[in-house]
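Q: So you can see what is in the structure, the chains are spelled out below.
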Amino acid sequence: MRERHASREARRAREFETFVAGAAGRLLHAATLLTAEAPDANPRARRLLALSLAHTYASWDRLHGEDPYDRARQHLATRFARAAWHRYGVPGRARLRSAGPLGPLAPQERLILVLRLYEGVAEEQTAALLGLPVERVRAICDRATAALLHPPPSPARPVTAEAKAATP
Amino acid sequence: MRDERPEHPRDDVRDDRSGDRHGGRRGDRHPGVAGREVRVNRPRREAAARRIMEQSPPRVPPDLCAEAVRRGGRMLRRRTAARRLMWLLLAAAAVAFAVWALTVQPWVEPPSETTPPVTGWEGW
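For the protein sequence lines, the chains are A and B, in the order given.
Using UniProt numbering, the final residue of the first sequence is 168, and nothing's skipped along the way.
Using UniProt numbering, the final residue of the second sequence is 124, and nothing's skipped along the way.
Treat the hints as calculated values from the structure; they're not laboratory data.
Values in this document were obtained by computation on a predicted structure and should not be read as measured data.
Mixed in with the good hints, there may be bad ones.
Partial list, computed: chain B residues near chain A (C-beta under 8 Å) [as the list claims (entries may be wrong)]:
#1 ALA49
#2 PRO61
#3 PRO62
#4 MET75
#5 LEU76
Quick reminder that beta carbons are idealized off the backbone N, C-alpha and C, glycines included.
Here chain A stands alone, though its shape is the one from the complex (with noise of 0.2 Å):
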């Protein structure tokens, strides 16, 4: 019995390894994107990474066949949408100091980009992950692309105005 328990985590901690050698690249770029922190100084996104990967491996033995990549995908993205609401409110730390590509977008406009441009996520799948509806969500992703590929002149005030307007 403790043989078989010892075998079967040494297993899943080689499969384990694994995965994470091949996406962790990947899904650390998609959370660094998702929290707008420069490349080399992202410890949100590490965070957000280390404990989506933890959730990962707890249910590693009940995958049953699932790919193990989305479901950390879909992971890091539930915590994303929950933290940033959480810290939507509060008012010392409603906008942090953002820098990246998406440095200028609101929270759920960087979110729905990173799943359906960069991950690729079909755009129902997202609506249902986010509990909005798909044209919402096709709204929103255009409006974010249209803000990323011609950024306002100037970017502090419309885009705060424009982020509150976005957020129900």
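Knowing the structure of chain A, use the given hints to seat chain B on it.
A: Frame of chain A, contents of chain B only:
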């Protein structure tokens, strides 16, 4: 309204930077102009956004896997412990109930406390 004009192939050639200067950010609220532009240029815009997002990937810290395994292992151990504790509590509750039921025997009709037992009426 936005479907009146058929999509012309020349729309794709047009630089979307010039077209979106007035219709992109502010005009997205307006479904007429921006909707058509977004639909026409969608693949190109998405490709451009992807290119912007894919530059400068961060370096993966070397202890990420070990950290995840440590946290995940702790999570698993906690879950196992919680499950064990739950079963233990359930078993204890079952044993306690059995002992109580056997000692109290609530299914036996309790002796009456108000009416005294009637005796000696058979002879009437």
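Q: Now tell me, hint by hint, if it's right for this structure.
A: Results for each hint:
1. Interface restraint check: ALA49/B against chain A, minimum CB-CB distance 5 Å, threshold 8 Å, status holds.
2. Given the 8 Å rule on beta carbons, the hint for PRO61/B holds: about 6 Å separates it from the nearest Cβ of chain A.
3. With a cut of 8 Å, the hint placing PRO62/B at the interface with chain A is violated, because the nearest CB-to-CB distance is about 10 Å.
4. Nearest Cβ of chain A to the Cβ of MET75/B: about 4 Å, under the 8 Å cut. The hint holds.
5. Using the Cβ-Cβ criterion of 8 Å, the hint placing LEU76/B at the interface with chain A is satisfied: the shortest such distance is roughly 5 Å.
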